[in-house]
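Take the sequence shown: its position 83, counting from 1, is numbered 464 in our numbering, and each next residue is one higher.
Treat the hints with care, as some may be off.
As the list claims (entries may be wrong) - Below, computed lysine to aspartate or glutamate pairings styled on EDC-like, alpha-carbon distance capped at 20 angstroms:
hint: 1; residue 1: Lys570; residue 2: Glu560
hint: 2; residue 1: Lys546; residue 2: Glu510
hint: 3; residue 1: Lys546; residue 2: Asp519
hint: 4; residue 1: Lys535; residue 2: Asp553
hint: 5; residue 1: Lys535; residue 2: Asp498
hint: 6; residue 1: Lys584; residue 2: Asp572
hint: 7; residue 1: Lys493; residue 2: Glu560
hint: 8; residue 1: Lys567; residue 2: Asp587
hint: 9; residue 1: Lys548; residue 2: Glu492
hint: 10; residue 1: Lys548; residue 2: Asp605
hint: 11; residue 1: Lys546; residue 2: Glu534
hint: 12; residue 1: Lys567; residue 2: Glu492
hint: 13; residue 1: Lys610; residue 2: Glu598
hint: 14; residue 1: Lys584; residue 2: Glu598
hint: 15; residue 1: Lys556; residue 2: Asp605
hint: 16; residue 1: Lys570; residue 2: Asp590
hint: 17; residue 1: Lys548; residue 2: Glu624
hint: 18; residue 1: Lys604; residue 2: Asp587
hint: 19; residue 1: Lys559; residue 2: Glu591
hint: 20; residue 1: Lys548; residue 2: Glu623
hint: 21; residue 1: Lys493; residue 2: Asp605
hint: 22; residue 1: Lys618; residue 2: Asp539
hint: 23; residue 1: Lys559; residue 2: Asp572
As the list claims (entries may be wrong) - Now the in silico label distances, taken between C-beta atoms and shown as ranges:
hint: 24; residue 1: Gly579; residue 2: Gly540; range: 36 to 42 angstroms
hint: 25; residue 1: Asp477; residue 2: Ala578; range: 19 to 25 angstroms
hint: 26; residue 1: Asp477; residue 2: Thr418; range: 53 to 59 angstroms
hint: 27; residue 1: Thr420; residue 2: Asp587; range: 25 to 31 angstroms
hint: 28; residue 1: Gly603; residue 2: Lys567; range: 18 to 24 angstroms
hint: 29; residue 1: Asp605; residue 2: Cys512; range: 28 to 34 angstroms
hint: 30; residue 1: Asp539; residue 2: Arg474; range: 22 to 28 angstroms
hint: 31; residue 1: Cys509; residue 2: Gly540; range: 24 to 30 angstroms
hint: 32; residue 1: Asp590; residue 2: Lys556; range: 33 to 39 angstroms
hint: 33; residue 1: Cys512; residue 2: Asp590; range: 48 to 54 angstroms
hint: 34; residue 1: Asp590; residue 2: Glu623; range: 47 to 53 angstroms
Derived by calculation from the structure, the hints in this document are not laboratory data.
Heads up, the beta-carbon is just placed ideally off N, CA and C, and yes, glycines get one too.
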Amino acid sequence: RLALPFHVLTHKVTWPRFVWSSPRPPSSSKLSRCFLTMTLLRASLLASCVAAASAFSLVPSSMLPSLRAGSISTTGARAPARTAACSMSMSARAEDIPEVEFVKIFGRLGEKTLFGDGSAGACCHSGCENCEWRYTFDILQSARPKWIPAYSEKIFDDGREHHPKWKTLFADEAKIGKEAFLANLKGLKFDMPLGPAGFLTAKQADYSDEAGDAVWERLSKGKDTLTTKQMSIRLRKMSPGEEGIMWSDFLTATVAREEEEEEELEPIIISME
Numbered sequence: 382r383l384a385l386p387f388h389v390l391t392h393k394v395t396w397p398r399f400v401w402s403s404p405r406p407p408s409s410s411k412l413s414r415c416f417l418t419m420t421l422l423r424a425s426l427l428a429s430c431v432a433a434a435s436a437f438s439l440v441p442s443s444m445l446p447s448l449r450a451g452s453i454s455t456t457g458a459r460a461p462a463r464t465a466a467c468s469m470s471m472s473a474r475a476e477d478i479p480e481v482e483f484v485k486i487f488g489r490l491g492e493k494t495l496f497g498d499g500s501a502g503a504c505c506h507s508g509c510e511n512c513e514w515r516y517t518f519d520i521l522q523s524a525r526p527k528w529i530p531a532y533s534e535k536i537f538d539d540g541r542e543h544h545p546k547w548k549t550l551f552a553d554e555a556k557i558g559k560e561a562f563l564a565n566l567k568g569l570k571f572d573m574p575l576g577p578a579g580f581l582t583a584k585q586a587d588y589s590d591e592a593g594d595a596v597w598e599r600l601s602k603g604k605d606t607l608t609t610k611q612m613s614i615r616l617r618k619m620s621p622g623e624e625g626i627m628w629s630d631f632l633t634a635t636v637a638r639e640e641e642e643e644e645e646l647e648p649i650i651i652s653m654e
């Protein structure tokens, strides 16, 4: 048996006491400092966002197309063709006319069908290699009016023929004046064309007199009368090398003025006797 001293046996052992308590809530001064810090951080973040946004400049409204209700735009349109034979400058008069007014005129003259190369009708258009008509079509078609044909008529050898809508403006006359031209143009049915974004109904398609005058000036070259041959020639100049004029070419040519242009002279026949 182990013998322990008396004082050890009689000594009272005191164990340490552990007191569990929840942390004290922060004082009101600490809360104020925390709120102030968060407010400063938010203000700094907002200031940095404003500075970043100011680095980007928006396009002024004066540089955007003049549209009514913003429903028409030319995003994604085909780039207009340009020729080196003449220099182009914007006409202030036509440039000030809202673009949507020209959409209303293009929708009257545009068509869903365009005749191309009649010899391509023999092609099966199956993508055969080394086929000379692989990318050539006799007839092009669209769900909505897409082209203004540059020809006054086209007849294929197999008998198929096409007469564009704009030829009806002349009402079987050899030449036409401005008043009759504009009156007949207003009488053509409007159909929303491809090219401009948005949509217009026939009830919204009454164009302004200024837009009609601009189209007449472009086609007649300021003359008092216009013939079908002259109109065909000037339509072809809007999109050289193409059988039809698309929206982007029509708009560019209408609001532009050719400073120098060769006179369209009739062929002169000299007889040698």
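Subject >> Distance restraint between Lys567 and Asp587, which requires alpha-carbon spacing of 20 angstroms or less >> reply: holds (8 angstroms)
**OP:** Compare the distance between the alpha carbons of Lys548 and Glu492 with 20 angstroms, and conclude whether the hinted pair is satisfied.
**Re:** It holds: about 12 angstroms lies between the C-alpha atoms, which stays within 20 angstroms.
Original post:
For the pair supplied as a hint, Lys559 and Asp572, is the alpha-carbon distance within the 20 angstroms limit?
Top reply: Violated, at roughly 23 angstroms.
Subject >> Restraint check for Lys584 with Glu598, where alpha carbons must lie at most 20 angstroms apart >> reply: Between Lys584 and Glu598 the Cα gap is close to 26 angstroms, so the pair fails against 20 angstroms, i.e. violated.
**OP:** Given the hint that Lys570 pairs with Glu560, test it: the Cα-Cα distance must not exceed 20 angstroms.
**Re:** holds (18 angstroms)
Original post:
Honestly, do Asp477 and Ala578 meet the 19 to 25 angstroms range at C-beta?
Top reply: holds (22 angstroms)
Original post:
Given the proposed pairing of Lys493 with Asp605, does the C-alpha separation stay at or below 20 angstroms?
Top reply: Outside the cut-off at roughly 31 angstroms; violated.
Subject >> Agreement of Lys546 and Glu534 with the hint, judged by alpha carbon distance not exceeding 20 angstroms >> reply: Holds, at roughly 10 angstroms.
Subject >> Restraint status (C-alpha distance of Lys548 to Glu623 at most 20 angstroms) >> reply: holds (18 angstroms)
Original post:
Taking only the CA atoms, is the gap from Lys556 to Asp605 under or equal to 20 angstroms?
Top reply: This hinted pair holds, its Cα atoms lying about 10 angstroms apart.
**OP:** Quickly compare the C-alpha distance for Lys604 and Asp587 to 20 angstroms and report which way the hint goes.
**Re:** violated (25 angstroms)
Original post:
Is the distance from the Cβ of Gly603 to the Cβ of Lys567 consistent with 18 to 24 angstroms?
Top reply: Hint holds: Cβ distance 21 angstroms, inside 18 to 24 angstroms.
Of the numbered hints stated above, those contradicted by the structure are hints 2, 7, 14, 18, 21, 22, 23, 27, 29, 30, 32, 34, listed in ascending order.
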